[in-house]
Amino acid sequence: MLRIALVGQPNSGKSTLFNAVSGLKVDVSNFPGTTVKYTRSRVYFLGRHFELVDLPGTYSLEAGEPAESVAVQYLLSGEVDLIINVVDASLLARSLEFTLELAELGLPMVVALNMMDEAERKGLKIDVGKLEEAFGLPFIPTVANRGRGIVQLFSAAFKVYDEGLKPKILRYRRQVEDKVSRLEEAIPEELARPVKASKRFLALRLLQGDPYLTSRVKLSSPELSKLTEKLREMLEAEVGVSAAEAVAGERHHLAMMLFEASTKVVRRPKPSKADLVDKYIMHPVLGYVVLGLVFYGLFTVVFSVGQPLEELLLTPFENLMEYFAALKSGYATLAEGVLLGLAGGVAVVLPYFVPLVFIISLLEDVGYLPRVAFLMDSLMHRLGLHGKSVVSFILGYGCTVPAIMSTRILESPRDRLLTVMLVNFIPCSARTAVILALVAFYLGPQWALFLYLFNLTVIAALSKLLSSKLKAESPGLILEIPSYKLPPPGSLAKKVWLHLREFVFFAWPILILGSLVMVVLELAGLLNLFNLLLEPLTVWVLGLPKEVGVTLILGILRKELTLVMLIQALGTAKVATVLSPLQIMVFTIFITFYVPCISTIMVTARELGWKMASAAAFLSLFIAILLAFAFRTAASFTL
Amino acid sequence: MLTLAETPPGAVVRVIEIMGGRGMRLRLMRMGLNLGDLVKVLSSGPLRGPVYLENLSTGVKLALGRGVASKVLVEPQ
Numbered sequence: 001m002l003r004i005a006l007v008g009q010p011n012s013g014k015s016t017l018f019n020a021v022s023g024l025k026v027d028v029s030n031f032p033g034t035t036v037k038y039t040r041s042r043v044y045f046l047g048r049h050f051e052l053v054d055l056p057g058t059y060s061l062e063a064g065e066p067a068e069s070v071a072v073q074y075l076l077s078g079e080v081d082l083i084i085n086v087v088d089a090s091l092l093a094r095s096l097e098f099t100l101e102l103a104e105l106g107l108p109m110v111v112a113l114n115m116m117d118e119a120e121r122k123g124l125k126i127d128v129g130k131l132e133e134a135f136g137l138p139f140i141p142t143v144a145n146r147g148r149g150i151v152q153l154f155s156a157a158f159k160v161y162d163e164g165l166k167p168k169i170l171r172y173r174r175q176v177e178d179k180v181s182r183l184e185e186a187i188p189e190e191l192a193r194p195v196k197a198s199k200r201f202l203a204l205r206l207l208q209g210d211p212y213l214t215s216r217v218k219l220s221s222p223e224l225s226k227l228t229e230k231l232r233e234m235l236e237a238e239v240g241v242s243a244a245e246a247v248a249g250e251r252h253h254l255a256m257m258l259f260e261a262s263t264k265v266v267r268r269p270k271p272s273k274a275d276l277v278d279k280y281i282m283h284p285v286l287g288y289v290v291l292g293l294v295f296y297g298l299f300t301v302v303f304s305v306g307q308p309l310e311e312l313l314l315t316p317f318e319n320l321m322e323y324f325a326a327l328k329s330g331y332a333t334l335a336e337g338v339l340l341g342l343a344g345g346v347a348v349v350l351p352y353f354v355p356l357v358f359i360i361s362l363l364e365d366v367g368y369l370p371r372v373a374f375l376m377d378s379l380m381h382r383l384g385l386h387g388k389s390v391v392s393f394i395l396g397y398g399c400t401v402p403a404i405m406s407t408r409i410l411e412s413p414r415d416r417l418l419t420v421m422l423v424n425f426i427p428c429s430a431r432t433a434v435i436l437a438l439v440a441f442y443l444g445p446q447w448a449l450f451l452y453l454f455n456l457t458v459i460a461a462l463s464k465l466l467s468s469k470l471k472a473e474s475p476g477l478i479l480e481i482p483s484y485k486l487p488p489p490g491s492l493a494k495k496v497w498l499h500l501r502e503f504v505f506f507a508w509p510i511l512i513l514g515s516l517v518m519v520v521l522e523l524a525g526l527l528n529l530f531n532l533l534l535e536p537l538t539v540w541v542l543g544l545p546k547e548v549g550v551t552l553i554l555g556i557l558r559k560e561l562t563l564v565m566l567i568q569a570l571g572t573a574k575v576a577t578v579l580s581p582l583q584i585m586v587f588t589i590f591i592t593f594y595v596p597c598i599s600t601i602m603v604t605a606r607e608l609g610w611k612m613a614s615a616a617a618f619l620s621l622f623i624a625i626l627l628a629f630a631f632r633t634a635a636s637f638t639l
Numbered sequence: 001m002l003t004l005a006e007t008p009p010g011a012v013v014r015v016i017e018i019m020g021g022r023g024m025r026l027r028l029m030r031m032g033l034n035l036g037d038l039v040k041v042l043s044s045g046p047l048r049g050p051v052y053l054e055n056l057s058t059g060v061k062l063a064l065g066r067g068v069a070s071k072v073l074v075e076p077q
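One line per chain: the protein sequences are Y and B, in this order.
Quick note on numbering: the first sequence equals residues 1 to 639 in our numbering.
Quick note on numbering: the second sequence equals residues 1 to 77 in our numbering.
With the rest of the complex left out, here is chain B:
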């Protein structure tokens, strides 16, 4: 188990837990990132920059700041 912030670009992972405040979890949900979704990390900004990902389950592409990404627990597929 690792966080989205630690996932290397190119890897496909499944979201198993979103930690952090209720506000953040709700925000991620309504923008299209839910528990159980299959996610592919496309790119990762340098110097603790954000993570760019594609949600393979919904087709949504998101950029998540490093702090946010480190609260998303994932499982390698």
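Bound conformation, chain Y alone:
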């Protein structure tokens, strides 16, 4: 089947384009490099079946961040038949450098000049014909988030593929071209064929010193390897900079020339409202006021929407459960278990989950997160982290799993390790549901706020402690700040729906099943055994009733489960009648800090290996016990 790859720089609108043709599949956001793994979809469009692959945004084919090397590896896998290069037309000068590099691959290619509306707002007039002539490729103007130009883009793509149209070869300075042509001649067929790349592309990469290709050639053909080194040294002597910079510089010059020949600034850019707002958001003082307000607003909205909804939704479930409890039969008890699981998912978690996910998605899509990275970079470095770590932390308030995956935007393995470890401690929406439904509901919102601040303090201290153990320095921040985008309501709704679907189809069954397991355990008389085994922890260390023991174990499946089970274990939804305020706090502190859930362990293992995943799990368990015990002890002295 025809396989088309969407390739482009971060924030060029690849995922939006992907969504427009593939439907409800991919997560779009406005942070450089959020598509950290590639997404593929079978598509039927304009009467053709094909596979569309959305690659992570990358600034060039030189692999820097892990997210970028995913794209490079895929492009060189030999699986790609056609490239659609998505370009942010408002940043044409820089984007053309990448287009040049892609064209060197020698694969059939089409360029989508996306965000033409933004380019027009900036006062740019692009002569599309000139670009097409220079590259020998179709350039199709599009506005992907409004669906404009997509039909034309794909018809051009099919035409290019059917006619086997290859991009023109654009030449660099003689000093570079001399070496490239000599290398091209020396490159054996076996090297070029499997990757489907042109020899010119490989020659340029060898000259630049691509580490992967260089090491491969060293083994397979030592002669080519020697020749490469000789030519590279020659070039470096001639131009006075490293070969990698020389080639990058050549590309830049050529791209600038093509840009100037094709694009005119016809009028002064209209200042958008967003630019005016940006002054305050990025202000060295006011920026922090805005940041504080945004987060205060976030939790206020989530709490004030969630709480009344929780009460409203819980009542019918409570009535039903009372009805079943009154029946006093085994089946009725089972039904009660199912109902309780459902009540937890629908009435307790959903009211907090939906507004939280909505607001975090909004912040992400609008383009606020990289700005938070700018504001927090200095503090983060002081804590031994990187400015970009903030982004993963904020995403962590939604769900820990995507937050861990987002750490791929960090260049250094040291920062990734630290950020993944710490993201585990950020209360995700499930834990927020526990905090809000228990602490805020029974003890008042100020205690919930205390818990969040306490949590941040602990994370900061842990970061300081862990980073002092890691030798390597964190590299300085180099981050693109994308322009603000008003996400189309449809795309935002899609995103919330994606999270919601995941929650409904994945979490609800677990909640109901977990709740059922507990009922069965109870009916079989095993519940007491588990609780007894956990007594040293629950009763002795934490001072909680022994009935909560099993909730802590099953809570590893999903954090919301602890809440559902707590209600079940205690035999009442009115938790405050059974637990003292102190016990509620101790329980919630423990829940907030210990292993988020099984999915988190899995994804940590995938990103960092099982050793680190178990280290993270044990660390969190240790911290949770320590903090819950410390809080209990401190409170018993002061109260």
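One or more hints might be untrue.
As the list claims (entries may be wrong) - Mimicking DSBU-like on lysine-lysine, the simulated pairs with C-alpha atoms at most 30 Å apart in a straight line are:
hint	chain 1	residue 1	chain 2	residue 2
1	B	Lys40	Y	Lys273
2	B	Lys40	Y	Lys264
3	Y	Lys264	Y	Lys469
Hints are computed from structural coordinates only; laboratory data are not their basis.
Take the given structure of chain Y and dock chain B to it, following the hints.
Using the frame of chain Y, we list chain B on its own:
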């Protein structure tokens, strides 16, 4: 001649040299900061925070950590 880290917000400067390692120079180049570019400093984070700039030549906006910014030599326009 001064570095980007010392450039006050609002000033427009031209990039004349990027010091530092090859990796950093290449990274800046491919993200859209090259020698000869005209750059406007938009904001500067407090407590040695990063520099927020707009590259007037390419339209790209970047945040550069203080350490990175202090390796970019510029000339006031």
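The hints, checked one at a time:
1. The hinted pair formed by Lys40/B and Lys273/Y meets the criterion: a straight-line CA distance of about 19 Å does not exceed 30 Å.
2. Between the alpha carbons of Lys40/B and Lys264/Y the distance comes to roughly 21 Å, so the proposed pair stays at or under 30 Å and holds.
3. At most 30 Å may separate the alpha-carbon atoms for a hinted pair to count; Lys264/Y and Lys469/Y exceed this at roughly 53 Å.
Consistency note: the structure conflicts with earlier hint 3 alone.
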